[in-house]
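Student: What follows is each chain in one-letter form.
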Amino acid sequence: MNGLAQKIALAKWMVAGLRRIGQISITVRKDGAFSLTHREDTARDDFTAYSAVEDAAEIARFDDAGKYRPLKTAPNLRHGWQLMIGDLSGLRLALDLFYPGRLAAFLAEENGLLETTPLRESLERQSGMYRAAAKIRDEEADKLVGNFCRSDGGCLRTILWKRDGEGAIASTQLPPEKFDPQHDQTGLAEAVVPLLCQEACNLLVAEARKMVKSEGVASPAE
Amino acid sequence: MISRSNSALLIVGHGSTVNPDSSAPTLKHAAEIRRREIFADVACCFWKEEPSLRDALLFFRDGTIPEVYVVPNFISEGYFTRTVIPRELELTGPETHRSSGQIWKYCEPVGNHRGMTELLLRRAHDVAPEISEAETSLLIVGHGTSLNDNSAAAAKHQVEKIRALNRYGTVLNVYLEEPPLVSDWLKLTETRNVVIVPFFISDGLHSDEDIPAMLGIDAADRRSTGAPSQLHGRSLFYSTAIGTDPKFADVIIEQTETFRAQRLEPQSAS
Numbered sequence: 001m002n003g004l005a006q007k008i009a010l011a012k013w014m015v016a017g018l019r020r021i022g023q024i025s026i027t028v029r030k031d032g033a034f035s036l037t038h039r040e041d042t043a044r045d046d047f048t049a050y051s052a053v054e055d056a057a058e059i060a061r062f063d064d065a066g067k068y069r070p071l072k073t074a075p076n077l078r079h080g081w082q083l084m085i086g087d088l089s090g091l092r093l094a095l096d097l098f099y100p101g102r103l104a105a106f107l108a109e110e111n112g113l114l115e116t117t118p119l120r121e122s123l124e125r126q127s128g129m130y131r132a133a134a135k136i137r138d139e140e141a142d143k144l145v146g147n148f149c150r151s152d153g154g155c156l157r158t159i160l161w162k163r164d165g166e167g168a169i170a171s172t173q174l175p176p177e178k179f180d181p182q183h184d185q186t187g188l189a190e191a192v193v194p195l196l197c198q199e200a201c202n203l204l205v206a207e208a209r210k211m212v213k214s215e216g217v218a219s220p221a222e
Numbered sequence: 223m224i225s226r227s228n229s230a231l232l233i234v235g236h237g238s239t240v241n242p243d244s245s246a247p248t249l250k251h252a253a254e255i256r257r258r259e260i261f262a263d264v265a266c267c268f269w270k271e272e273p274s275l276r277d278a279l280l281f282f283r284d285g286t287i288p289e290v291y292v293v294p295n296f297i298s299e300g301y302f303t304r305t306v307i308p309r310e311l312e313l314t315g316p317e318t319h320r321s322s323g324q325i326w327k328y329c330e331p332v333g334n335h336r337g338m339t340e341l342l343l344r345r346a347h348d349v350a351p352e353i354s355e356a357e358t359s360l361l362i363v364g365h366g367t368s369l370n371d372n373s374a375a376a377a378k379h380q381v382e383k384i385r386a387l388n389r390y391g392t393v394l395n396v397y398l399e400e401p402p403l404v405s406d407w408l409k410l411t412e413t414r415n416v417v418i419v420p421f422f423i424s425d426g427l428h429s430d431e432d433i434p435a436m437l438g439i440d441a442a443d444r445r446s447t448g449a450p451s452q453l454h455g456r457s458l459f460y461s462t463a464i465g466t467d468p469k470f471a472d473v474i475i476e477q478t479e480t481f482r483a484q485r486l487e488p489q490s491a492s
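Chains as they are written, first to last, in the numbering used here: chain U, 1 to 222; chain H, 223 to 492.
Pulled out of the complex, with its shape left as it was, chain U reads as follows (with noise of 0.2 Å):
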């Protein structure tokens, strides 16, 4: 899934309609060029404008409140923005400094080479200080991917990895779409590059640590 393949691909999805990525819309320009913006920017003309590939690392920082964004695929990128690229590389390039890792993620699944990590794996294979992250209960990681990774607030991804080995559902407090790659996960109801999850990301697992530790403290002074 190299950069020359997730190229060729994006131009196949570009051409097949795909032009929603997360909250990101692309218009192809009559020149060529492509325009990219907040989805739910499409009506205004106030942008700030950027014309550098590397500008979409900078855009994708910070919220609309200046505050970092340790997950690029929250449903918090900033507003107000419109960034020119001239050619396919670059758009690429862009979208992949947008939501790192997730067209060669698409692109996988598409070749059928995308495999997934049940969460109990991910977190049995941790060491160092996330070790203890291993220590959650079922009922505990439910709640939490329910929570961590929800569409609305938390994670634009589809998920893919199950619970365990033996199938179990990430998490029975996401609705069944949160698991489908054809469903927008914005709510908008367009057609989109789906950001695919194969595997836990790092927050999820540092949420599930901090879940085990404040139990080991919290508990005693209750």
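Keep in mind that the hints were calculated from the coordinates and are not lab data.
Keep in mind that the hints are not guaranteed to be accurate.
[Claimed, not checked] Listed below are several chain H residues computed to face chain U (Cβ distance under 8 Å; list not exhaustive):
#1 L249
#2 E272
#3 P273
#4 S274
#5 D277
#6 F281
#7 T286
#8 R304
#9 T305
#10 R309
#11 L311
[Said to hold, decoys possible] Listed below are the simulated SDA-like cross-link pairs for lysine to any residue, each with C-alpha atoms no more than 25 Å apart in a straight line:
#12 K469/H / E54/U
#13 K7/U / R44/U
#14 K7/U / E289/H
#15 K12/U / A52/U
#16 K270/H / Y130/U
#17 K210/U / H428/H
#18 K270/H / D425/H
#19 K67/U / D243/H
#20 K327/H / N2/U
#21 K250/H / D55/U
#22 K12/U / R256/H
#23 K7/U / R226/H
#24 K67/U / A246/H
Since the structure is predicted, the reported quantities are computational estimates derived from the model, not experimental observations.
All C-beta atoms, glycine included, are put in the ideal place defined by N, C-alpha and C.
Add chain H to chain U, keeping to what the hints say.
Tutor: Here is chain H on its own, set in the frame of chain U:
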């Protein structure tokens, strides 16, 4: 110029969930290396940011690129380079053969590069070009023992090499979390000029706030004016983290060269 049209480069950074500047140098070096068109593909991955190390397993899975060089953008060998990166990237040794036939080549961290001493010296010179080095103390700042790695040992090694060159009046290691502490700079030095270079991969909490606070200077003010901070009758010249140096792009490329040379040596000797 070297050409690696059959190879991909994967740069591994630490990243951060709280520090927005942590991954910036790694992304910048990757962009510069990509611009030079040496490798068939250049990608980054991070322990604490996206794309994750696990995501990186997907990047070259189609197997069209025969070899992938993995370069840790870390100051030293340690927990991350020996435990976390091999585990997450499923590396079994210096060379890992995937089922597709693709070979992943695990290089040494950038901090081990033979040119690191020269980079530190250049950084020290750039921040204080007009001063007499013989009448200057050079402080190399490391993190110290709280990190489960060898960054302190790596910083110490660099200081020993710089000291042996007899260029600066004094060359010392100072640390954030173990003695000799950065905050003891006044006691540790006697020269009028003091140059401080953080031996870190990126600017962030440590180099922007912790070290300046321990020195007693305003780093933001220092960097905007370019003038040294005057304190206790001394001039303090404070540099940005060594890892932000654009030369790190060359260092990353050269770590792949070093890997290749080291793998060739035993074969040619036999």
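Student: Does L249/H pass the interface check with chain U, least Cβ-Cβ distance below 8 Å?
Tutor: Cβ of L249/H sits 6 Å from chain U, so the hint holds.
Student: For the pair supplied as a hint, K327/H and N2/U, is the alpha-carbon distance within the 25 Å limit?
Tutor: Cα-Cα ~17 Å, so holds.
Student: Hint T305/H vs chain U: min CB-CB distance below 8 Å?
Tutor: At 6 Å from the nearest chain U Cβ, T305/H passes the 8 Å test, so the hint holds.
Student: Please work out if K67/U and A246/H have their alpha carbons no farther apart than 25 Å.
Tutor: It holds: about 16 Å lies between the C-alpha atoms, which stays within 25 Å.
Student: Does K7/U pair with R44/U here, judged by a C-alpha cut-off of 25 Å?
Tutor: Answer violated: K7/U to R44/U is near 29 Å, above 25 Å.
Student: Sort out whether Y130/U lies within 25 Å of K270/H, counting only the CA atoms.
Tutor: With Cα atoms ~12 Å apart, K270/H and Y130/U stay inside 25 Å; holds.
Student: Under the criterion of a CB-CB separation shorter than 8 Å, is L311/H in contact with chain U as hinted?
Tutor: 12 Å, violated
Student: Would you settle whether the hint for P273/H is holds or violated, based on the nearest Cβ-Cβ distance to chain U being less than 8 Å?
Tutor: 3 Å, holds
Student: If you draw a straight line from the CA of K270/H to the CA of D425/H, is it 25 Å or shorter?
Tutor: OK: K270/H and D425/H at ~16 Å, within 25 Å.
Student: For the pair we were handed, K7/U and E289/H, check the Cα-Cα distance against 25 Å.
Tutor: Holds - the C-alpha atoms of E289/H and K7/U are around 20 Å apart, at most 25 Å.
Student: Given S274/H was flagged as interface, is its beta-carbon under 8 Å from a beta-carbon of chain U?
Tutor: This hint holds: S274/H lies near chain U, its Cβ roughly 6 Å from the closest one there, short of 8 Å.
Student: Tell me if the straight-line CA distance from K210/U to H428/H falls inside 25 Å.
Tutor: Roughly 24 Å separates the two Cα atoms, so the pair holds.
Of the numbered hints listed earlier, those contradicted by the structure are 8, 11, 13.
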